[in-house]
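On the provided structure of chain Y, position chain U as indicated by the hints.
Top to bottom, those sequences are chains Y and U. The first sequence runs 488 to 593 under this note's numbering. The second sequence runs 488 to 593 under this note's numbering.
Footprint (simulated), chain Y over chain U, 3 or more residues, beta carbon under 8 Å:
1. 513 to 526
2. 538 to 545
3. 565 to 576
What the hints contain is simulated information worked out from the structure, not anything from laboratory work. For each residue, glycine too, the CB sits at the ideal point set by N, CA and C.
Chain by chain, the residues:
Protein chains: 2
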Amino acid sequence: MKNSLFQQIPAVLPAELVETLCQAEYVRIERIVSRGHASPPDFWYDQEWHEFVLLVSGRARLAFADGTPCVELEPGDWLDIPAHKQHRVAWTDPQQDTVWLAAHYR
Amino acid sequence: MKNSLFQQIPAVLPAELVETLCQAEYVRIERIVSRGHASPPDFWYDQEWHEFVLLVSGRARLAFADGTPCVELEPGDWLDIPAHKQHRVAWTDPQQDTVWLAAHYR
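Next comes chain Y alone, as it looks inside the complex (with noise of 0.2 Å):
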């Protein structure tokens, strides 16, 4: 009945990976598992709907498009970005795995 966010990532990582854990009509929670992936320069996400972020091990830093400070993340920190709020990951650690739980809802 339980799962680990720590297990079943692949030896190979091309690209981060983003995976369902559960979902309804106005949720999603997703693992995300990077290992020194960031955003594409000059990208940046524009979300419909809200996300809550937990960095759960690891090391990144968020920027924001809208001139909000650079966040720099360690295990246990978290933010919730408005929808809209447009964001891109700028770093993570290349050195280990930064594994994410992210809640996406509306």
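Here is chain U on its own, set in the frame of chain Y:
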């Protein structure tokens, strides 16, 4: 803009700490901190909404009324508890804080 699940935990915790981090009409995301707390004997949660729950730190054991075997949880473990699946917290580690992230949704 960011917050940490591991900060602002009271030194004294007479009861389990439950705080809403964000919510919308069909979702409520909570941080729960347990310090050896467990549900009262013979008490079962019987919830209207589904609950995705992640153990972020610490250690815990959940029990279920329907005969589902107990689940031992360590950091990174998660489960999705359907609405009305009766469950209780049978045990949390008294030697450390157990931090949970719960997303209640329908």
